[in-house]
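**Student:** Here's the letter readout for the chains.
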Amino acid sequence: MKNIWTIAKREYDNYFNSPLAYVVAFAILLPLGIYFSLILYVTAQNSFMGGGSAPDSTPINWLFVFLMVFLSPALTMRLLSDEARMGTLELMLTAPIRDFELVAGKWLGAMLFVLSIALMTLVFPIVLENLVSPGIDWKLMISSYIGLVLICAAMLAIGVGISAIFTNQFAAYFVTLGLFFFLWFMISLPANYLQEAGQVLNYLSLSYHFSQNLNSGSMTLGGITYYLSLTALGLFVGTTAIEIRRWR
Amino acid sequence: MIKVSGLTKDYGARRAINNLNFDAQQGEIVGFLGPNGAGKTTTMRILTGYMPPTDGEAIVAGYDVVEESLEVRKRVGYLPETVPLYTDMVVFEYLKYMGELRHIPNVDDRVDEVLDMVGLLERANGYIGNLSKGMRQRVGLAQALLHRPEVLILDEPTIGLDPGQVVEVRELIRNIGKERTVLLSTHLLNEAQNLCDRVLIINKGRIVAEDTTENLQARLLGAERVVVRVRGEADELPETVMKVKGVQKVESHSDGSVEFEFASGKDLRPEVAKQIIKDGYDLLELRPLGMSLEEIFLELTGNDGKKK
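These protein sequence lines are chains A and B, in that order.
Counted from 1, the first sequence has number 66 at position 66 by our numbering; the numbering is strictly sequential.
Positions in the second sequence are counted from 1; adding 1000 to them yields our numbering.
Hints are computed from structural coordinates only; laboratory data are not their basis.
The structure displayed is predicted, hence computed values, not measured ones.
All clues given are correct.
A few chain A positions that, by computed beta-carbon distances, are all more than 12 Å from chain B:
hint	residue
1	Y22
2	T43
3	V132
4	S133
5	N168
6	F182
7	L201
8	G217
9	T220
10	L233
11	T239
Some chain A residues near chain B, calculated using beta-carbon distances under 7 Å:
hint	residue
12	T6
13	N17
14	T88
Where a beta carbon is used, it is the ideal one built from N, C-alpha and C, also for glycine.
The shape of chain A in the complex, shown without the other chains (with noise of 0.2 Å):
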């Protein structure tokens, strides 16, 4: 465990070093700010015409999610197989450390930057929580947080899983980015039109969990499950191309 940490921690401080990590944080929190203006000028308008109802900040980490489709990819690409391409890897490997501390360790820190810039868009309900009587949701809230933690871990450890095949770090952020691409867009598209079979993909879409349910309050277990098994399988797809490295 404590070898997880003192690479999470590592790489969280070595995101401060790029300019790449700035670069992503700017590109969710910019369209975040704006879009949270927009919900507020929307509602105040509505107010002022004596409709609409009361607005709560679900859309925005809605949106949160959607941007780390194509940002959290950004964030793993180099992750492990910047590793490999700078021999460093052979470093890693003969250290004192498991496969899967090295796969946690790189995880973990992705996840502290990410929970770092989620901890910075709480600013958001809190503003809501003093403009709308009679306050926000909060049991909502912590709901749709609680997603947003969940569907992250799972996109950075596919991330991270991804990012062990590869020694080049662009490979790694086309085919992390072709992945979620098909699992939040291509695979619910035929689910439309067909009807069992139609729930089963909707349930592996990678949005619909957080959408549909986390999103709106209701924490399913299937929900959770979902995501932790991918994040789960992300680790081990990782863990499982160092170990193939080793014998090749």
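Position chain B against the provided structure of chain A, taking the given hints into account.
**Tutor:** Leaving out everything else, chain B in the frame of chain A:
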């Protein structure tokens, strides 16, 4: 400390090392010599737990490299051939990170200590990316020494260093080798000659010779060679030397000296000296010629290692 038996590694259809057997004891520096692609790095990678062998067994510091890889890795210090470093890190932070991964107590103090050992204390706060090749090599060495390993495995440890640093690093290795086991690979034959207690010569994945450098010389020569030099004209010197019973081969050199051979075991130099003086020459020099490690190396590896 290191015991290797029947070690074999295949990369696909290519056999990188084939049935290697050797050992190295505590307090011994063993040199690993061989041409490029001979299997030196592959062997070292197996011994450090980086990759498992296809067949055979390797015990390092009392642990099996496959079954107890983590235990082996705790006890081995490794400097890979192309020193892999995080170029975006500061020297001190990098070593501290590696130290934390090895759970070293008082890691800051220990990092200062090894930086002092490799002479990099004044560059502790510099970025690794800004260091010269020689300095990076020393950072790699510091990393390998950090946890006071029982076994030190060094792949070309002095490559890229300037002559002054080479002397320092060799001295460092020599000191470490007094108490621990050091296995080092090198292309520099004189390095093996003056640093190693024993050398293993490996060619095409097989060990073709294993001995001390002195024994290798004696074994390969089969005969001892001596150079004779006298004052003035020496046209008939070969005939004089040939008069001594047991002298096998006499050769005149363009500089006037004469080289002769005799079967090792019985030193004929006193007899030759007496004969030269008897024939009226002023003897200036009677010098035995050793075989250099370069010659041994070429002898063993030049002809597919068949010629011994």
